[in-house]
Amino acid sequence: MKILVVDDEQDVKVLFQQRFRKEIRKEELEFVFAFSGEDALKIMKTMEHEAVLILSDINMPGMSGLELLDNIKKNYVKPPPMVMMITAYGDDKNRTMAKNLGADDFLTKPLDFSLLKDKLITLT
Amino acid sequence: MKHILYIIGFLLSLTVFSQEDKVLVITDSTVADNWMILGMDWRFQKGDNMLWANPEFDDSTWNKFSSNNLNLLDGKNVIADRGEIVWLRKRIMADQSLNDALVLNIFQEGASEIYLDGKLIHQLGTVSSNKDEVIYHNPFSQVLHLPLEIGKEQILAVRFVNAQYKYPIYYHNGLIRIYISSLRNANSTDVVKNKRVAFFQQYVNSYYISLGLAILMFIIFLSFFIFFPKEKINGYFAASLLFLILFTLGVLSFYHNTGTYFWLTFYYDTCILISSLILLFCFYKILAQPIDLVFKAISFLCFLTIGCYFLYDPEQLGPIWSIFLYAGIIRLSLKSWNKNKVASFLFLSSSCINLAFWILMICWYMGLVDQRIDKFIPFSFMFFPVVLAIYLGYAFGKRSQDLRLNLNRVQELSKEKESILSQQKNTLEQQVKERTAALNQSLDDLKATQSQLIQSEKMASLGELTAGIAHEIQNPLNFVNNFSEVNKELLEELEEEIDNGNYDEVKALAKDISANEDKIIFHGKRADGIVKGMLQHSRSSTGQKEMTDINSLSDEYLRLAYHGLRAKDKSFNATLNTDFDDAIGKINIVGQDIGRVILNLITNAFYVVKKKKEENPNGYKPTVSVSTEKLGNMVLIKVSDNGNGVPKEVLDKIFQPFFTTKPSGEGTGLGLSLSYDIVKVHGGELTVDTKQGVGTTFTISLPMK
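Chains as they are written, first to last, in the numbering used here: chain R, 1 to 124; chain H, 1001 to 1705.
Be aware that one or more of the hints could be misleading.
Just so you have them, the derived chain H footprint on chain R, three or more residues with Cβ under 8 Å [to be verified]:
(1) 9–16
(2) 64–73
(3) 101–114
If we take Cβ atoms under 7 Å as the criterion, some of the chain H residues that face chain R in the derived model are [claimed, not checked]:
(4) Leu1116
(5) Asn1478
(6) Phe1479
(7) Val1486
Simulated pairs of lysine to aspartate or glutamate, EDC-like, Cα-Cα distance not exceeding 16 Å [what the hints assert, rightly or not]:
(8) Lys13(R) - Glu1505(H)
(9) Lys1488(H) - Asp112(R)
(10) Lys22(R) - Glu1505(H)
(11) Lys2(R) - Glu23(R)
(12) Lys1613(H) - Asp112(R)
(13) Lys117(R) - Glu1489(H)
(14) Lys78(R) - Asp1081(H)
(15) Lys1046(H) - Asp1081(H)
(16) Lys117(R) - Glu1485(H)
(17) Lys22(R) - Glu1485(H)
(18) Lys73(R) - Asp104(R)
(19) Lys78(R) - Glu67(R)
(20) Lys22(R) - Asp1081(H)
(21) Lys2(R) - Glu28(R)
Hints listed in this document are in silico derivations from the structure and should not be mistaken for laboratory results. Virtual Cβ for every residue (Gly too), placed ideally from N, Cα, C.
Please model the entire structure based on the sequences and the hints provided.
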């Protein structure tokens, strides 16, 4: 399963690669990384319908995660990719907005990778 | 026959004597205690012939006449007209009874020569038929010796030339009166018996006394005026006295130099007139009366009488204007009775006395009064000045007394006021102490309140930042947690690989673990920095200045504010522009405080662009710019936005405490106010430049040192 991870933190890539090194090694999961909303949209265009899951941070410079969500949900309708938003604790307002824009799930920072792994396994 | 001849001769001689003039026989009794006028049995002849002095000359053809004025015939016709010469002759004889020398006293207007039996005994002036050579002289104050021989009939001849006056035009009478008395009587001081000399001397002495008095008063009142010019009345009075002095000098001159009869009387009468008018003016001033028509009329009439001197006898005019003056003063005194009783009484009584005197004088002129009262004339002129001087002295004394009373009153008041002032001072001091204490208390309270407010504002801004900080802190925590967990897993794998002896993999794992540790440390420090920053922000300012990188500070707070806003509202996005001047380096400021100012301005900027974006979702690109610039000795920190700008009506209020345009609960209204104060404390300026619909720029100007 190809997963697009969108976050402005560069270390996210290393973290995901290490946390899911076994799954990557087994080719159960494939991760693509984008470091801004704009990057994410570009990647989406080249791998349309490949990514089934998008994991996006909300608070990013430039295009925010919410704008990206909105964009994806509007432009990729058949079939719409799943979008999981990564939000902060107590950030209820953004959580509500994301839900309204069609976010499929929520994760909170700091990321609980065990929980994420379970969710991904469930999806696969 | 001889006897017959003697008888005829005697009869003839009787016939001759019966035709001749009477001989005036001067007996001792007629001249011992009296001045007898020689007015009877004179003969006169107009013309001039020196032989007419000769006793042998036969004057039987001359006209006979008797008159006190020897130039006046029948009491009305002038014998010698102006400039004409007339000879007068008279037979006179000293009686055996006479036991004293005889003297003459002559009053004349003209010049004369006195001959006794053809011998010139007195030359009084210069007599000449040439008018230019005539010198007038009036010897009325002199005693002239008459050397008559006892028992001998002698001829007294007078060669008289009438005065040649141009003025007054009416005046044609030459005047010559001749008096005779004994030398003893002429030297007597008895003014009744010796009225020709002693009276005159008394008269002149009276004028000298008046003159001395007038000069003394003049000096006194002139001095009063010079040293106290505000009291103008003293000046007026001194002027009046000056003219009185001139008048008196003129009168005395008249009695000593008798040649210029008309002009002298004109001069001194004018002087006394002016003096009297000034005196009247003084009365007006003292009685506080305005200069009225009566004063002007009196002045006019008085000057009119002076003008009449050229036409009429001045002796008759003097009393007229005197009466005008006194009448004027009486009227004035009566009018001012209620205003100034003392002055009115003095002037009224003195006027009445003077008026009575001058009425008596007129009666005396008219022959209605026998008693000679003209001897009081010198004093009559002094009467008013003396009264006025007395009044001025009285007024001065009264004023001095009033002043002394006032002074005492003022001194008393001063003491009272001093006492009151002292009390008030004590009360004030007490009040000041109390107020100062109260103010100090208020100041302390205010300081505490301000401190609380600052803290509140700080906490409020901290709230603004909470979301941003949460986001900021969660990211490093995310890494710390997850890399730690990853490392744990890797370590488990490492153990497995060691057990398996797969050392290449062990090395690779160890390398990853190490790299992850670096990341853990890095993000741990990152979180630590954020927490420290947060604590630093919330802590009370130490107030200590330290060298601070203003560019770094601005950048940090821009980032914090942006993330803070984004954390709260993910939909918001803005373009951030920074332009930092590297030449600034570090400047000496209280970093926490200036950071708070910058944060406040940036937060506000985001707030307004966010609002504008909500109003104009399409086409508007929110932009917030932060720039720094070194300008001379100043550092400028500019925070700009492209919001709607600050409305004009609130522009002058934005730095006021508790003023806010934000909805209730969103702003404390203290941000800009505190920012303004902080910048001021740093010796800088916080200014705003705004344009409606275009945007706003706040500029912090701080001194480099």
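Hints, one by one, checked against the model:
1. As drawn, the segment 9–16 of chain R meets chain H at 4 residues by the rule of a beta-carbon pair under 8 Å; at three or more, the given contact holds.
2. Interface restraint, the segment 64–73 of chain R with chain H: holds (4 residues with C-beta to C-beta distance below 8 Å; minimum three).
3. Residues of the segment 101–114 of chain R with a Cβ under 8 Å from some Cβ of chain H number 4, which satisfies the need for three, so the listed coverage holds.
4. The criterion of a C-beta within 7 Å of any C-beta in chain R is not met by Leu1116(H), whose closest approach is roughly 157 Å, and the hint is violated.
5. Hint status for Asn1478(H) relative to chain R: holds, with the closest Cβ pair at about 4 Å, below 7 Å.
6. Checking Phe1479(H) against chain R by beta carbon gives a least distance of about 5 Å; that is within 7 Å, so the hint holds.
7. For Val1486(H), the interface hint holds, the least distance from its beta-carbon to any beta-carbon of chain R being 5 Å, beneath 7 Å.
8. This hinted pair does not check out: Lys13(R) and Glu1505(H) have alpha carbons roughly 21 Å apart, beyond 16 Å.
9. For a cut-off of 16 Å, the pair hint linking Lys1488(H) to Asp112(R) stands: about 15 Å separates their Cα positions.
10. A hinted pair counts as satisfied when its Cα atoms are at most 16 Å apart, and Lys22(R) with Glu1505(H) qualifies at roughly 14 Å.
11. Between Lys2(R) and Glu23(R) the CA atoms are separated by roughly 12 Å; this keeps the pair inside 16 Å, and the hint holds.
12. Between Lys1613(H) and Asp112(R) the CA atoms are separated by roughly 36 Å; this puts the pair beyond 16 Å, and the hint is violated.
13. Restraint check for Lys117(R) and Glu1489(H): the C-alpha separation of about 14 Å stays at or below 16 Å, so the hint holds.
14. At roughly 166 Å between alpha-carbon atoms, Lys78(R) and Asp1081(H) are farther apart than 16 Å, so this suggested pair is violated.
15. A distance of roughly 10 Å separates the Cα atoms of Lys1046(H) and Asp1081(H); the hinted pair therefore holds under the 16 Å criterion.
16. Restraint check: the Cα-Cα separation between Lys117(R) and Glu1485(H) comes to about 14 Å, which is no more than 16 Å; the hinted pair holds.
17. Pair hint Lys22(R) plus Glu1485(H) holds up; C-alpha atoms about 15 Å apart against a cutoff of 16 Å.
18. Restraint check for Lys73(R) and Asp104(R): satisfied, since their Cα atoms lie roughly 10 Å apart, inside the 16 Å limit.
19. At most 16 Å may separate the alpha-carbon atoms for a hinted pair to count; Lys78(R) and Glu67(R) exceed this at roughly 19 Å.
20. For a cut-off of 16 Å, the pair hint linking Lys22(R) to Asp1081(H) is broken: about 175 Å separates their Cα positions.
21. For the suggested pair Lys2(R) and Glu28(R), the alpha carbons sit about 9 Å apart, so the restraint of at most 16 Å is met.
Against the hints set out earlier in the document, violations occur for numbers 4, 8, 12, 14, 19 and 20.
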